[in-house]
Each structure stands twice: as C-alpha cells, then as structure tokens.
Amino acid sequence: MAGGKTPHFHNDAGHPRIAIGVKEFMCVGATPPYDHPHVFLDMGDDNDIVCPYCSTLYVHDASLSAGQTEPAGCAFDIAADAA
31 MAGGKTPHFH
41 NDAGHPRIAI
51 GVKEFMCVGA
61 TPPYDHPHVF
71 LDMGDDNDIV
81 CPYCSTLYVH
91 DASLSAGQTE
101 PAGCAFDIAA
111 DAA
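Take 31 as the starting number for the sequence shown in the working numbering and just add one per residue.
Note that these hints are calculated values from the structure, not bench results.
If you're wondering where the values come from, they're calculated on a predicted model, not measured in any experiment.
Heads up, none of these hints are tricks.
No more than 25 Å apart at the CA atoms, straight line, and that leaves these computed lysine to any residue pairs for SDA-like:
| hint | residue 1 | residue 2 |
| --- | --- | --- |
| 1 | Lys35 | Glu100 |
| 2 | Lys53 | Asp78 |
| 3 | Lys53 | Ser93 |
| 4 | Lys35 | Cys81 |
| 5 | Lys35 | Thr86 |
| 6 | Lys53 | Ile79 |
| 7 | Lys35 | Ser93 |
| 8 | Lys53 | Leu94 |
| 9 | Lys53 | Ser85 |
| 10 | Lys35 | Ala60 |
| 11 | Lys35 | Pro62 |
| 12 | Lys35 | Asp75 |
| 13 | Lys35 | Pro63 |
| 14 | Lys53 | Asp76 |
Computed Cβ-Cβ distance ranges for the label pairs, DEER-style:
| hint | residue 1 | residue 2 | range |
| --- | --- | --- | --- |
| 15 | Pro82 | Pro62 | 15 to 21 Å |
| 16 | Leu94 | Phe70 | 18 to 24 Å |
| 17 | Asp76 | Ala96 | 17 to 23 Å |
| 18 | Ala43 | Asp78 | 17 to 23 Å |
| 19 | Leu94 | Val69 | 18 to 24 Å |
| 20 | Asp42 | Asp75 | 27 to 33 Å |
C-beta: ideal position from N, C-alpha, C; glycine also.
Using the sequences and the hints given, assemble the complete structure.
See below:
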C-alpha cells in the first residue's frame, strides 16, 4: 500500500468472516488492550486469508472501500488508539 496508510482491522465481536475492500492490511485481533501482535497480511492473488493469531477469515470484496467492512464496524482507527 505504497503512498498511504495500511488499513487495520479488528474482530472484537468474534465474527468468523469479515469482508474487506483491500488485499493488504493489518489485523490487530481485538481492540487494545486485548489485541494480538499487529500482523501484516497480504492476500496476493487469493481472495481470502486467515489471520495466524486470531483465526479470523478475511475475504476481499471489491465493492467495499478501504475502510469498509462487512459486517460493519471492524475497521480499526489507528489515530484513536494513539490518543
């Protein structure tokens, strides 16, 4: 994701599957202080990937923007965490 911030996603609700609009991103697990190491994931040519820490299945959905998720509310606001 050259030239921009890498989107971060969380799974506080324990969803088995989260659709996202990007193929390169960071998974944080749950929101701090219950997060796991923030791991960079890259789907490459695939359309899905499983986080090795929390086992969340992320599925690429080209109809979503970089900050959208389905179910809604799984995008992690890096700026809010730094405050």
